[in-house]
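Using full-length UniProt numbering, the first residue of the sequence shown is number 1, and each one after it goes up by one.
Among the clues, some could well be false.
[What the hints assert, rightly or not] Within a straight-line C-alpha distance of at most 30 Å, the following computed BS3-like cross-link-like pairs (lysine-lysine) qualify:
| hint | residue 1 | residue 2 |
| --- | --- | --- |
| 1 | K201 | K78 |
| 2 | K177 | K158 |
| 3 | K99 | K240 |
| 4 | K30 | K104 |
| 5 | K201 | K223 |
| 6 | K99 | K78 |
| 7 | K18 | K166 |
| 8 | K102 | K37 |
| 9 | K201 | K188 |
| 10 | K183 | K158 |
Please keep in mind that the hints were generated in silico from the structure rather than gathered at the bench.
Quick caveat: nothing in here was measured; it's all calculated off a predicted structure.
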Amino acid sequence: MTLNLSEFYSHWKWPATKERFDMIKEFMEKEVVQLIKSENPKVLDVMAGSGIAGAALVEALGRGELTLLDLRDDEFYKVKEFTQRNVRTVVGDVRLLPKIFKEKFDVIVCWGSSIPHLDPKSLILFIAGAREVLNEEGVIVIEQTDLMERLIREGFQKMMVEGGEKDLLTLFYEYDKERGMIKKHIYKLPEISYVGDLEAKLWSTSDVEALVHLFFNKINRKKAFEYGVRDVIVGVGPRKEISWKVLFEGVSE
Numbered sequence: 001m002t003l004n005l006s007e008f009y010s011h012w013k014w015p016a017t018k019e020r021f022d023m024i025k026e027f028m029e030k031e032v033v034q035l036i037k038s039e040n041p042k043v044l045d046v047m048a049g050s051g052i053a054g055a056a057l058v059e060a061l062g063r064g065e066l067t068l069l070d071l072r073d074d075e076f077y078k079v080k081e082f083t084q085r086n087v088r089t090v091v092g093d094v095r096l097l098p099k100i101f102k103e104k105f106d107v108i109v110c111w112g113s114s115i116p117h118l119d120p121k122s123l124i125l126f127i128a129g130a131r132e133v134l135n136e137e138g139v140i141v142i143e144q145t146d147l148m149e150r151l152i153r154e155g156f157q158k159m160m161v162e163g164g165e166k167d168l169l170t171l172f173y174e175y176d177k178e179r180g181m182i183k184k185h186i187y188k189l190p191e192i193s194y195v196g197d198l199e200a201k202l203w204s205t206s207d208v209e210a211l212v213h214l215f216f217n218k219i220n221r222k223k224a225f226e227y228g229v230r231d232v233i234v235g236v237g238p239r240k241e242i243s244w245k246v247l248f249e250g251v252s253e
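Whenever a hint applies, use it, and build me the whole structure from the sequences.
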């Protein structure tokens, strides 16, 4: 049985805590706020879950409108723990941003372990769509764990204990070469009851950064844990063209 994300995250709980909120807010205050020029910025938090990252950004800004997008709506209510601003919630697929939104945003945030759910083609659709729904000075902020670095450091583990509360056992059983996705059986601990199957992509931070570079002019990567978070990729200014010359000059800087 292949799990949908709503079913998966009913078992894999991410902590929506004040401590985590404060950590994200500190990062936003120091690294993102100064990039946003709008007096009333529109913030879109995609694959948002509880919306903790989008809420942290609007609170760091002290202004703005927040929209949350996710395939599931079961955690949207938690955003009220972190901001009292009006929040719009949308159930939708991150690969379809230009179809879902006809307006322009100032910032798009993607936080947590969201990117591994996307295969390479899906990630391209997300970033390309983000470019189209951002304004000319728009900013994209992606938090990403370097999963390849972890793989090299720790070795590939066919069996792992995972989950926000370390209560899930995952067993690797297949690699999809066409899509670059690993497939895992998931069991609930301690009873070892079968939950379902899930796919994931072992993205490196440089992989994600390179794809963001295709669609955004300026790229900045922050080192892991500098603010108690993972690596964070920040792209500024959606590209209007993607010629070899433009990309070469950006890579050569």
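*Violated hints, by number in ascending order, as checked against the structure*: No numbers; nothing is violated.
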